[in-house]
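*Asks:* Chain residues, written in single-letter form:
2 protein chains.
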Amino acid sequence: METIIPKNVIDDYLEKIEITDLNKASIRQVLACEMNAEQVTGQKFIHFEMGVPGIPPSQIGINAQKEALDRGVASKYPNIEGIPELKEQAARFVKAFINTDIDRNHCHPTCGAMQGTFAAFLACSQAVPGKDTILYIDPGFPVQKMQANVLGLKMASFDVADFRAEKLGPKLESYLSKGNICSMIYSNPNNPSWMCLTDSELQTIGALATKYDTVVIEDLAYLTMDFRREGLGIPFQPPYQVSVSHYTDNYIMMLSGSKIFSYAGERIAVACISDKLYERRFDALQERYAISRFGAVYAYDMLYAMSSGVAHSVQYAMAAMLKAACDGIYDFRKDISEYARRTKLVKQSLLRNGFHISYDTDLGELVSDGFFFTFGYKLPDGTDMEGGQLLHELLYYGISGIVLSSTGSTRQGLRGTSSNITDDQLPVLEERLRLFNQAHSK
Amino acid sequence: METIIPKNVIDDYLEKIEITDLNKASIRQVLACEMNAEQVTGQKFIHFEMGVPGIPPSQIGINAQKEALDRGVASKYPNIEGIPELKEQAARFVKAFINTDIDRNHCHPTCGAMQGTFAAFLACSQAVPGKDTILYIDPGFPVQKMQANVLGLKMASFDVADFRAEKLGPKLESYLSKGNICSMIYSNPNNPSWMCLTDSELQTIGALATKYDTVVIEDLAYLTMDFRREGLGIPFQPPYQVSVSHYTDNYIMMLSGSKIFSYAGERIAVACISDKLYERRFDALQERYAISRFGAVYAYDMLYAMSSGVAHSVQYAMAAMLKAACDGIYDFRKDISEYARRTKLVKQSLLRNGFHISYDTDLGELVSDGFFFTFGYKLPDGTDMEGGQLLHELLYYGISGIVLSSTGSTRQGLRGTSSNITDDQLPVLEERLRLFNQAHSK
Numbered sequence: 000m001e002t003i004i005p006k007n008v009i010d011d012y013l014e015k016i017e018i019t020d021l022n023k024a025s026i027r028q029v030l031a032c033e034m035n036a037e038q039v040t041g042q043k044f045i046h047f048e049m050g051v052p053g054i055p056p057s058q059i060g061i062n063a064q065k066e067a068l069d070r071g072v073a074s075k076y077p078n079i080e081g082i083p084e085l086k087e088q089a090a091r092f093v094k095a096f097i098n099t100d101i102d103r104n105h106c107h108p109t110c111g112a113m114q115g116t117f118a119a120f121l122a123c124s125q126a127v128p129g130k131d132t133i134l135y136i137d138p139g140f141p142v143q144k145m146q147a148n149v150l151g152l153k154m155a156s157f158d159v160a161d162f163r164a165e166k167l168g169p170k171l172e173s174y175l176s177k178g179n180i181c182s183m184i185y186s187n188p189n190n191p192s193w194m195c196l197t198d199s200e201l202q203t204i205g206a207l208a209t210k211y212d213t214v215v216i217e218d219l220a221y222l223t224m225d226f227r228r229e230g231l232g233i234p235f236q237p238p239y240q241v242s243v244s245h246y247t248d249n250y251i252m253m254l255s256g257s258k259i260f261s262y263a264g265e266r267i268a269v270a271c272i273s274d275k276l277y278e279r280r281f282d283a284l285q286e287r288y289a290i291s292r293f294g295a296v297y298a299y300d301m302l303y304a305m306s307s308g309v310a311h312s313v314q315y316a317m318a319a320m321l322k323a324a325c326d327g328i329y330d331f332r333k334d335i336s337e338y339a340r341r342t343k344l345v346k347q348s349l350l351r352n353g354f355h356i357s358y359d360t361d362l363g364e365l366v367s368d369g370f371f372f373t374f375g376y377k378l379p380d381g382t383d384m385e386g387g388q389l390l391h392e393l394l395y396y397g398i399s400g401i402v403l404s405s406t407g408s409t410r411q412g413l414r415g416t417s418s419n420i421t422d423d424q425l426p427v428l429e430e431r432l433r434l435f436n437q438a439h440s441k
Numbered sequence: 000m001e002t003i004i005p006k007n008v009i010d011d012y013l014e015k016i017e018i019t020d021l022n023k024a025s026i027r028q029v030l031a032c033e034m035n036a037e038q039v040t041g042q043k044f045i046h047f048e049m050g051v052p053g054i055p056p057s058q059i060g061i062n063a064q065k066e067a068l069d070r071g072v073a074s075k076y077p078n079i080e081g082i083p084e085l086k087e088q089a090a091r092f093v094k095a096f097i098n099t100d101i102d103r104n105h106c107h108p109t110c111g112a113m114q115g116t117f118a119a120f121l122a123c124s125q126a127v128p129g130k131d132t133i134l135y136i137d138p139g140f141p142v143q144k145m146q147a148n149v150l151g152l153k154m155a156s157f158d159v160a161d162f163r164a165e166k167l168g169p170k171l172e173s174y175l176s177k178g179n180i181c182s183m184i185y186s187n188p189n190n191p192s193w194m195c196l197t198d199s200e201l202q203t204i205g206a207l208a209t210k211y212d213t214v215v216i217e218d219l220a221y222l223t224m225d226f227r228r229e230g231l232g233i234p235f236q237p238p239y240q241v242s243v244s245h246y247t248d249n250y251i252m253m254l255s256g257s258k259i260f261s262y263a264g265e266r267i268a269v270a271c272i273s274d275k276l277y278e279r280r281f282d283a284l285q286e287r288y289a290i291s292r293f294g295a296v297y298a299y300d301m302l303y304a305m306s307s308g309v310a311h312s313v314q315y316a317m318a319a320m321l322k323a324a325c326d327g328i329y330d331f332r333k334d335i336s337e338y339a340r341r342t343k344l345v346k347q348s349l350l351r352n353g354f355h356i357s358y359d360t361d362l363g364e365l366v367s368d369g370f371f372f373t374f375g376y377k378l379p380d381g382t383d384m385e386g387g388q389l390l391h392e393l394l395y396y397g398i399s400g401i402v403l404s405s406t407g408s409t410r411q412g413l414r415g416t417s418s419n420i421t422d423d424q425l426p427v428l429e430e431r432l433r434l435f436n437q438a439h440s441k
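Residue numbers (numbering that gives the first Met the number 0), protein chains in the order written: chain A, 0 to 441; chain B, 0 to 441.
Note that these hints are calculated values from the structure, not bench results.
Predicted model only: the values in this text are computed from it and were never measured.
You may find that some hints are simply not true.
As the list makes no split between identical chains, a pair holds if one copy fits it or if it spans any two.
Stated by the list, open to error - With a cut-off of at most 25 Å between alpha-carbon atoms, the simulated BS3-like pairs for lysine-lysine come out as follows:
#1 Lys75 - Lys322
#2 Lys15 - Lys322
#3 Lys23 - Lys177
#4 Lys15 - Lys275
#5 Lys6 - Lys275
#6 Lys170 - Lys210
#7 Lys75 - Lys343
#8 Lys210 - Lys377
#9 Lys153 - Lys177
#10 Lys75 - Lys43
#11 Lys75 - Lys333
#12 Lys275 - Lys210
#13 Lys94 - Lys65
#14 Lys377 - Lys15
#15 Lys343 - Lys333
#16 Lys170 - Lys65
#17 Lys441 - Lys94
#18 Lys377 - Lys65
#19 Lys333 - Lys23
#20 Lys23 - Lys377
#21 Lys210 - Lys6
#22 Lys177 - Lys166
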């Protein structure tokens, strides 16, 4: 049977690094296997696994950052609360694109949403004795579970695809009613499935967060990237990004510059903590830190202890990009709509060659084309090829991805991203998928 | 009695923020009090409390960072292990200025030594069941204790000033022999006292770290800043910075760019993990992370979960500064010797006006003038004014500092820094100290 990479090149390497089941391999281990295969065979992989911006960083950000460096900010510790300009523009951005009012003082820069979430897990899990468990509304970003593991926090999770609309409330309540959930986390649009929780579902989540006094961590890494919705991403004009912040005071929104502004390399996000949660006092925090306000502990204890703030020059870049977006000068959504174009073409190629989209619909509507997509393969007997096996077999054909099992998904398939797929790779992809399908369809 | 700031301006503000004892105030609260007083009275404070570089950032770093931004690195996630150029130059720097051999792969950029230490506390405290306590060789940097508090780790500490030379070994052994110390931490030169542990003392620490299998976290934030020693800071030439890395394989050295390169604003350091410790396998890490090597867990679990690495452009700045220092093009020690000049003048002013240096000698020799200094005031009855009270009274005279009690010190006094004191402030300082002394000397 013809493959692109000799099977033994893949198998020998996996054996060498002691991987027998790709469900248990890290993205780094899979990448190492690919790089070895590329080196040995000279064949370049279709890198569906790397969720890295594939368009240039915002020039507005770069210019502002260089100007800040010329002003000498590199020697001065950044204020742990963030530079005033960034805080002001972050609050303005939240109003412009989400239509939520938030005090600028409650918007804190973080070293990426990764740090913002880590700090949020710390603060939420220490605020109320007995509330010690994070509820993951899956599928999700595997590293957010690694964060809880690093901190020794308890975890609960479920695949939301099976509990949409009116099923969501009862499912959530079955967890929240136990009283041990300190926070819930999801991304919307969803990484990896690109499902989008609706306004009505967010209302359910918000109401239950209030009822059971649980903090919602809303990861808006892909803000406005539901490309089915016309008109999103125009400042101060509806429609707005749907958000749980419309329905509860128990929220922290993570606004990352990585994907929306293609600024992933510089590690910056803004954690936007609701005005009420920020000012709320917790006895356990007072006892531990001699500071009782949630937001103050988040900044002065968690963020301070983790890195003493965010690189000074990068804060100026973020402030400039947020401002330009609010001013209507920087149409960031137009730039990132390139991902939807690429994903549409990749999905068509997959569908032409016997693959299907694992999470294909969103309450009956097809999911949007966006940064990530999911795909699986049905065997001749009609069953899904198991996800780890699918990745293993696709590696022989020079195609990668990450197994959905690592995202808390119950479905068999892979997550892919088109972010770095160029148009000239599309015929290569088509041919490899064709060969794979030929080999597996009988 | 004449004061610079009306007493009620200070006292009313402290009452408002519920501070009755300045030993329990944070640096931020004290700063808020000063800023209020400056606003009310128009009098500028002598800001002894702010440990911020007072010289411009390295232009070599700025240029390299701007060039990296122009190359578009802002959109690409930095490799979690660090860019190859930085790793190579960090290992070279360790050889050039400390004369320790280390594999470049074991040098990891972090968002400041703050992140590097936080990650080290995580890794060290999880590696061996039962080893759950950090031993602080005090006096030290208060935030390093806050880090343990955030993580819920146990702490032990002692003031090393009372246990120098041959007393150090038995004192350390009294802690280490209990078997619960996972790591020891100190900075050398010491923040705040500017004492310098000697080569012989580091040999003692290293031998005991090996004997009791404890990791030494050596904070080299002030590398080469023992300005009593001629010839330090010349690449690849003795004398070298003394370091525990010469005496044990159980070390992590933190090399921060904040003070030595005046790059504090950009939050970058390099954690240099000994070759043997990096490769050492721990069962508890294997069980928790499915990775057993200490260094791999440090990078792929701790640093990854905390921020997904360090801002990409900043890594290029650090690499360029390290390289220029190794190449002998950038005489960083000459630049920072400005702190010693300022501190010498400030100390003379203190001594002329009835103050004394709290930690004045270092095994019989006067401590070096450097970034930080310590000072106290003796009452007419010959006793030391209590540290919190000293700060309180100095605030009336427009002078600030941090109370030594917050550093784990057993002495009554304050920590000061001359880093941002300009020559035109010296007569102002002299006059204020004179007034203070006049008011308190009888």
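*Asks:* Work down the list of hints and note, for each, if the structure agrees.
*Replies:* Structure-based check of all given hints:
1. Lys75 - Lys322: both (23 Å within a copy, 22 Å between copies)
2. Lys15 - Lys322: Neither: 50 Å inside a chain and 36 Å across chains, both beyond 25 Å.
3. Lys23 - Lys177: neither (31 Å within a copy, 38 Å between copies)
4. Lys15 - Lys275: between (53 Å within a copy, 22 Å between copies)
5. Lys6 - Lys275: neither (58 Å within a copy, 36 Å between copies)
6. Lys170 - Lys210: Answer is within; shortest intra-copy Cα gap is 15 Å, inter-copy 54 Å.
7. Lys75 - Lys343: between (46 Å within a copy, 23 Å between copies)
8. Lys210 - Lys377: neither (43 Å within a copy, 59 Å between copies)
9. Lys153 - Lys177: within (14 Å within a copy, 30 Å between copies)
10. Lys75 - Lys43: between (44 Å within a copy, 19 Å between copies)
11. Lys75 - Lys333: Only across copies: lysine 75 and lysine 333 sit 20 Å apart there, 36 Å inside one copy, limit 25 Å.
12. Lys275 - Lys210: Within one copy only: 15 Å inside a chain, 52 Å across chains, cut-off 25 Å.
13. Lys94 - Lys65: neither (28 Å within a copy, 32 Å between copies)
14. Lys377 - Lys15: For lysine 377 and lysine 15, the Cα distance exceeds 25 Å both inside one copy (30 Å) and across copies (69 Å).
15. Lys343 - Lys333: Within one copy only: 16 Å inside, 59 Å across.
16. Lys170 - Lys65: neither (49 Å within a copy, 51 Å between copies)
17. Lys441 - Lys94: neither (55 Å within a copy, 61 Å between copies)
18. Lys377 - Lys65: Classified as neither: same-chain Cα gap 51 Å, cross-chain 50 Å, threshold 25 Å.
19. Lys333 - Lys23: Answer is neither; intra-copy 37 Å and inter-copy 52 Å both fail.
20. Lys23 - Lys377: within (22 Å within a copy, 65 Å between copies)
21. Lys210 - Lys6: neither (55 Å within a copy, 49 Å between copies)
22. Lys177 - Lys166: within (18 Å within a copy, 55 Å between copies)
Hints 2, 3, 5, 8, 13, 14, 16, 17, 18, 19 and 21 from the earlier list are contradicted by this structure; the remaining hints agree with it.
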